[in-house]
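Chemist: Next come the chains, spelled out residue by residue.
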Amino acid sequence: MLQSIVHVCLAGLSAGMFIWLVASGLTLIFGVLRVLNFAHGSFYMLGAYFCYTFLRFMGENFWLGLLVGPLCVCAAGFAMERFFLRYVYHLALPYQLLLTFAFVLLFDDLVKIFWGAGSIGSPAAPGLSGSISVLGRNFPVYSLFIIGVGPLIAVAMWVFLERTWLGCIIRAASSDREMASAIGVRVPALYTGVFMFGTWLGAIGGGLAVPYVGLLTPGMGETIIIDAFVVAVIGGMGSLKGAFLGALVIGLLSSFGTRFIPTFDMFLTFILMAVILVWRPQGLFGEST
Amino acid sequence: MKKTKMSRRDFMKAGLLTTAAAALGPVAFKPTGLWAATPNLKGPIKVGYQAVLSGTLAGYGAFHNMGVILATEEINAAGGIAGVKLEVEFRDSTLAAPEAIKNARYFVDSWGADFLGGIDSSGQALALAPVMAELDRVLMVTHAATEKLTEEHVFKKGIKQVFRICTPTYQDSNAAAFVAKDLPVKTWSTISPKYEYGYTCWEMFKNTLTKFRSDVSFIADSWAPFGTTDFRAHINTILDAKPQGFYSTEWAGELISMVKQANQAGFFEKVKHVMFPVGAAMDVLEGCGPELPDNVWISGRYFFLYPDDRRNNDWVARFRKRWDHYPAYVSETAYSTFYAFKKAVEESGSKDTAKVIQALEGMTFESPAGKRVFRKEDHQAMYNVPWGLTVSNPKYPFKVMGKQIVIPAGECFNRPPFEGPGTKPPF
Numbered sequence: 002m003l004q005s006i007v008h009v010c011l012a013g014l015s016a017g018m019f020i021w022l023v024a025s026g027l028t029l030i031f032g033v034l035r036v037l038n039f040a041h042g043s044f045y046m047l048g049a050y051f052c053y054t055f056l057r058f059m060g061e062n063f064w065l066g067l068l069v070g071p072l073c074v075c076a077a078g079f080a081m082e083r084f085f086l087r088y089v090y091h092l093a094l095p096y097q098l099l100l101t102f103a104f105v106l107l108f109d110d111l112v113k114i115f116w117g118a119g120s121i122g123s124p125a126a127p128g129l130s131g132s133i134s135v136l137g138r139n140f141p142v143y144s145l146f147i148i149g150v151g152p153l154i155a156v157a158m159w160v161f162l163e164r165t166w167l168g169c170i171i172r173a174a175s176s177d178r179e180m181a182s183a184i185g186v187r188v189p190a191l192y193t194g195v196f197m198f199g200t201w202l203g204a205i206g207g208g209l210a211v212p213y214v215g216l217l218t219p220g221m222g223e224t225i226i227i228d229a230f231v232v233a234v235i236g237g238m239g240s241l242k243g244a245f246l247g248a249l250v251i252g253l254l255s256s257f258g259t260r261f262i263p264t265f266d267m268f269l270t271f272i273l274m275a276v277i278l279v280w281r282p283q284g285l286f287g288e289s290t
Numbered sequence: 110m111k112k113t114k115m116s117r118r119d120f121m122k123a124g125l126l127t128t129a130a131a132a133l134g135p136v137a138f139k140p141t142g143l144w145a146a147t148p149n150l151k152g153p154i155k156v157g158y159q160a161v162l163s164g165t166l167a168g169y170g171a172f173h174n175m176g177v178i179l180a181t182e183e184i185n186a187a188g189g190i191a192g193v194k195l196e197v198e199f200r201d202s203t204l205a206a207p208e209a210i211k212n213a214r215y216f217v218d219s220w221g222a223d224f225l226g227g228i229d230s231s232g233q234a235l236a237l238a239p240v241m242a243e244l245d246r247v248l249m250v251t252h253a254a255t256e257k258l259t260e261e262h263v264f265k266k267g268i269k270q271v272f273r274i275c276t277p278t279y280q281d282s283n284a285a286a287f288v289a290k291d292l293p294v295k296t297w298s299t300i301s302p303k304y305e306y307g308y309t310c311w312e313m314f315k316n317t318l319t320k321f322r323s324d325v326s327f328i329a330d331s332w333a334p335f336g337t338t339d340f341r342a343h344i345n346t347i348l349d350a351k352p353q354g355f356y357s358t359e360w361a362g363e364l365i366s367m368v369k370q371a372n373q374a375g376f377f378e379k380v381k382h383v384m385f386p387v388g389a390a391m392d393v394l395e396g397c398g399p400e401l402p403d404n405v406w407i408s409g410r411y412f413f414l415y416p417d418d419r420r421n422n423d424w425v426a427r428f429r430k431r432w433d434h435y436p437a438y439v440s441e442t443a444y445s446t447f448y449a450f451k452k453a454v455e456e457s458g459s460k461d462t463a464k465v466i467q468a469l470e471g472m473t474f475e476s477p478a479g480k481r482v483f484r485k486e487d488h489q490a491m492y493n494v495p496w497g498l499t500v501s502n503p504k505y506p507f508k509v510m511g512k513q514i515v516i517p518a519g520e521c522f523n524r525p526p527f528e529g530p531g532t533k534p535p536f
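As they're listed, the protein sequences go chains A and B.
Position one of the first sequence corresponds to residue 2 (the numbering used here), numbered consecutively onward.
Position one of the second sequence corresponds to residue 110 (the numbering used here), numbered consecutively onward.
Bear in mind the hints are in silico, worked out from the structure with no lab data behind them.
A portion of the hints provided could be inaccurate.
Unchecked claim - Restricting the straight-line Cα-Cα distance to at most 27 Å, the calculated cross-link-like pairs of lysine-lysine (DSS-like) are:
#1 Lys-113(A) with Lys-464(B)
#2 Lys-211(B) with Lys-113(A)
#3 Lys-430(B) with Lys-266(B)
#4 Lys-379(B) with Lys-290(B)
#5 Lys-265(B) with Lys-533(B)
#6 Lys-257(B) with Lys-464(B)
To be verified - So the derived label-pair ranges between C-beta atoms look like this:
#7 Ile-328(B) with Ile-272(A): 22 to 32 Å
#8 Cys-10(A) with Lys-480(B): 47 to 57 Å
#9 Met-2(A) with Lys-266(B): 48 to 58 Å
#10 Lys-379(B) with Asp-177(A): 54 to 64 Å
#11 Glu-179(A) with Ser-219(B): 45 to 55 Å
#12 Pro-399(B) with Leu-269(A): 30 to 40 Å
#13 Phe-271(A) with Lys-295(B): 52 to 62 Å
The structure presented is a predicted model; accordingly, all values stated were derived computationally and were not measured.
Even for Gly, the Cβ is constructed at its ideal location relative to N, Cα and C.
Working from the sequences, and respecting the hints, build out all of it.
Modeler: This is the structure we're talking about:
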């Protein structure tokens, strides 16, 4: 029983941290730019495809692929923000949603054109492909790695936003765009930078998914974006702390649900979201508006 | 100067000759071969085909399309169907039932389709069947597997417009039970899709296997929702139960993810007897590569190395030449659909729905997958697909079937009237 519970916890932690990797970029972009970016799942997908392509080109070196792949996706993020999103910031939310959704369809089709419509089985990460015994049952090393990377990214983002000059400017621009602009912050350039950083986070999530999910498919972003949105809603749209905790809760809840109350495992996640929306519409850590 | 004007007598002569030629013509130049009976067929013959081209399963639509295009090219190069050109339009079904119905209505009402084909999901097939009765066109289902389509809609409700060319859930569960009965396994478990297809197969597998063996029990089941990418929690559930056998109707990308994650967790060292009813799909074999363990039981709706005869091997060679790819099972069922339509039209001498249905019922025809017969009562194609054990073969960059067991469709498919004794295997 102990073995079972420990493994259910580990599976939940790795699932939660994996969702966090994707939700972090989504939350950052919403928190600063106030844009609900549906295409964030596409950055996850592009991150996975680029990482896979580079690792194939560079002698099956996954880590090099993980370094280069997401940078290419940043270019796509730059183009999307600079030439499209920038012109809809002042419009109502539905217009932004429509535009980002258009990009979802666009990116899906681009992936089908360049990589084919079929699924691609992807290789394990070199050095982390094995498993170690935890209380007599094997647990994949790569899942442990994901459990470690999640908090690392969270801490790095916290330090960056709270303890650096640039982070301070970003926070200033996000809380009052006009005032920041008035005191000489180049807000448009800053927004582009933040959007690219969010894009990079999504793409890193995708790159890390290459060994974690073991499969690349066009449309893979659409499955993960739903989870990421649920996490963001539970934690509070725009709150990184909330998204981190939300991801942990969702990961553990679905893992325990699958194991112990399988009939209701999907129900649990969404009932939690519904309860939070009723009881605390701004989410666990969201600012009430 | 010669008289150039035609005299009245000449004119009469010419007229008589023309009349004689016209009268004799049909005899002298009578069409021969299969389309002899169809001089009045007005072309072209239009087939509206739909399969999933978007989302995570878009690869399946692409595989359908390869079969569709190859069949269309070959049939038109050889003179068409009954001498008439074959035209095909391919649309994305998106896996959603409303979209499938919308496409079907477009094909028939706007585009003027004579026949319809395709359909991946059981939900789509069940929703579309009543619409086919209303549109009154033959629909050949090439992928959706639910037995309810043929048992209830075709047999019980009498929707005669629907046919199925691929193997149904009987292959996934009844045939699996025929294999499982001889395995040294007393405790079975499953991770399967959390929707109709997964539930039905597991129930059918349990029922049929219990009839063979009274000493087996089914000790763990875990259901993965559509779109699951992380199977680790499900794998835990199964490992906790410590079963000897594992049966899973996970398919396509989700099966690939599950196999890889199970491998990482050392699952296949703990559970020795594993059965994947749709594991012989090309995308799964290629996607898993070496990570699919040896000695796993797999099957599908067609496997490109079976039957090992000239017709199939030639077809696989032609397919590879055209697409630089091994054919997936949906490529075969899509391809064969057009030859089924061709034979039915040429035999009935018409593309009229009622006449084509009459020709298709009980029709036998040769296809890459072997001889198929459309059962008269429920319009299910009867043909054999093997179950086999995975093995590495240096000729292929993926696992193939080694040892094969063929359970004839006549032995493992449920029989009409589908209720009461003697309708479910073993017979």
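Chemist: Taking the hints in turn, state whether each one holds.
Modeler: Results of checking the hints against the structure:
Between Lys-113(A) and Lys-464(B), the direct Cα distance comes to roughly 41 Å. Violation of the 27 Å bound is thereby established for this hinted pair. A threshold of 27 Å between alpha carbons decides the hint, and for Lys-211(B) with Lys-113(A) the separation of about 24 Å falls inside it, so the pair holds. Only pairs whose Cα atoms come within 27 Å are accepted, and Lys-430(B) paired with Lys-266(B) is rejected, the gap being roughly 43 Å. At most 27 Å may separate the alpha-carbon atoms for a hinted pair to count; Lys-379(B) and Lys-290(B) meet this at roughly 20 Å.
Note on Lys-265(B) and Lys-533(B): the hinted pairing holds, with a Cα-Cα distance of about 16 Å set against a maximum of 27 Å. Straight-line distance between C-alpha atoms of Lys-257(B) and Lys-464(B) comes to about 25 Å, which keeps the hinted pair within the 27 Å bound. For the pair Ile-328(B) and Ile-272(A), the supplied restraint of 22 to 32 Å holds, since their beta-carbon distance comes to about 29 Å. Taken as a hint, the range 47 to 57 Å holds for the pair Cys-10(A) and Lys-480(B), whose Cβ atoms sit roughly 54 Å apart.
The given range of 48 to 58 Å is respected by Met-2(A) and Lys-266(B), whose C-beta atoms sit roughly 50 Å from each other. One distance hint, 54 to 64 Å for the beta-carbon pair Lys-379(B) and Asp-177(A), holds here, with the actual separation near 58 Å. Range check, Glu-179(A) to Ser-219(B): about 53 Å between beta-carbon atoms, so the 45 to 55 Å window is met. Our hint of 30 to 40 Å for Pro-399(B) and Leu-269(A) holds, since their Cβ atoms are close to 37 Å apart.
Take Phe-271(A) and Lys-295(B): their Cβ atoms lie about 38 Å apart, and the range 52 to 62 Å is violated.
The earlier numbered hints that this structure contradicts are 1, 3 and 13.
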